[in-house]
Amino acid sequence: MHASSTGSNACGDRRARRPGTRPTPRATRIIAVGRLKAGPEAALYAHYAARLRPPPEVTEIPEARGSAAEVRRREGTALLAALPADGVAVALDLGGEAPDSEAFAAMLTRWEEAGRTPCFLIGGAEGLDPSVLARADRRIALGPMTWPHFLVRGMLAEQLYRAQAIRQNHPYHRAWRP
Numbered sequence: 001m002h003a004s005s006t007g008s009n010a011c012g013d014r015r016a017r018r019p020g021t022r023p024t025p026r027a028t029r030i031i032a033v034g035r036l037k038a039g040p041e042a043a044l045y046a047h048y049a050a051r052l053r054p055p056p057e058v059t060e061i062p063e064a065r066g067s068a069a070e071v072r073r074r075e076g077t078a079l080l081a082a083l084p085a086d087g088v089a090v091a092l093d094l095g096g097e098a099p100d101s102e103a104f105a106a107m108l109t110r111w112e113e114a115g116r117t118p119c120f121l122i123g124g125a126e127g128l129d130p131s132v133l134a135r136a137d138r139r140i141a142l143g144p145m146t147w148p149h150f151l152v153r154g155m156l157a158e159q160l161y162r163a164q165a166i167r168q169n170h171p172y173h174r175a176w177r178p
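Following UniProt numbering from start to finish, the sequence shown increments by one per residue and tops out at 178.
Keep in mind the hints are simulated off the structure, nothing from the lab.
Accuracy of the hints is not assured; some may be wrong.
Stated by the list, open to error - Calculated pairs, DMTMM-like style, for lysine to aspartate or glutamate (alpha carbon to alpha carbon, straight line, at most 25 Å):
| no. | residue 1 | residue 2 |
| --- | --- | --- |
| 1 | Lys37 | Glu158 |
| 2 | Lys37 | Glu57 |
| 3 | Lys37 | Glu63 |
| 4 | Lys37 | Glu60 |
| 5 | Lys37 | Asp93 |
To be verified - Restraint-style ranges between C-beta atoms, simulated for each label pair:
| no. | residue 1 | residue 2 | range |
| --- | --- | --- | --- |
| 6 | Thr77 | Lys37 | 17 to 25 Å |
| 7 | Ala43 | Met145 | 17 to 25 Å |
| 8 | Ala114 | Arg65 | 32 to 40 Å |
| 9 | Lys37 | Ala85 | 16 to 24 Å |
| 10 | Arg53 | Pro84 | 29 to 37 Å |
No experiment lies behind these values; they were computed from the predicted model shown.
For glycine and all other residues, C-beta sits at the position ideal for the given N, C-alpha and C.
Taking the hints into account, I'd like the entire structure generated from these sequences.
Have a look at this one:
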């Protein structure tokens with residue numbers, strides 16, 4: 001494919017994709033409460049995000065103050081406001097399904113083939129507001145344990161990289177099953 005000479009998606013190479021080929025990967029969006037400060041959590045995220053093609057687009061929502069319910073409501077409103085209209089809202093929530101890495105990669109493929117951008121919603125210390133969970137197209141858990149919200153971003157980036165490796169038949173993913 002020829003690179004576009006402009007930054008617009010409306011310009012550039014307009015040749016049709018060959019049958020049986022995958023569409024160009026879409027940038028994943030991560031919409032998270034809180035700013036990822038310098039430290040091991042930021043290093044973990046940066047390590048995996050740098051390997052993703054294209055890298056994820058990150059929107060950071062300021063942490064709210066107040067009672068737990070008020071914090072969830074304010075942060076939830078801000079998370080939903082940052083969600084693009086064509087995005088697949090994927091809430092990272094303890095009560096969600098916990099797909100294995102192959103199933104997660106398959107989900108990403110389906111969304112990509114449908115031309116939709118996966119948007120992962122990460123709540124703050126008080127969790128996600130019920131309005132966010134109600135709006136979510138999918139709810140996914142990173143296992144049955146509770147994780148700090150600032151660590152989840154790095155864990156998600158690793159799973160996105162693993163899914164990319166699975167989809168490209170890269171040896172990074174070595175799942176052994178009895």
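May I ask you to test the hint 16 to 24 Å on the CB atoms belonging to lysine 37 and alanine 85?
violated, 31 Å
Compare the distance between the alpha carbons of lysine 37 and aspartate 93 with 25 Å, and conclude whether the hinted pair is satisfied.
The hint holds at about 22 Å.
Just to be careful, I want the Cα atoms of lysine 37 and glutamate 158 compared with a cutoff of 25 Å; is the pair within it?
It holds: about 18 Å lies between the C-alpha atoms, which stays within 25 Å.
Does the hinted range 17 to 25 Å hold for threonine 77 and lysine 37 at CB?
holds, 24 Å
Are the Cα positions of lysine 37 and glutamate 57 separated by 25 Å at most?
Status holds; Cα separation ~17 Å.
Return holds or violated for the Cβ distance of alanine 114 and arginine 65 against the range 32 to 40 Å.
Given range 32 to 40 Å: holds, Cβ gap about 39 Å.
Taken at face value, is the distance from the CA of glutamate 60 to the CA of lysine 37 at most 25 Å?
Answer holds: lysine 37 to glutamate 60 is near 11 Å, not above 25 Å.
A range of 17 to 25 Å was offered for this pair. Does it hold for the Cβ distance of alanine 43 and methionine 145?
holds, 22 Å
Could you grab the alpha-carbon distance between lysine 37 and glutamate 63 and see if it respects the 25 Å cut-off?
Holds - the C-alpha atoms of glutamate 63 and lysine 37 are around 13 Å apart, at most 25 Å.
Okay, arginine 53 versus proline 84 on CB: inside 29 to 37 Å?
Given range 29 to 37 Å: violated, Cβ gap about 20 Å.
Figure legend: structure checked against the earlier numbered hints; hints not met, in rising order: 9, 10.
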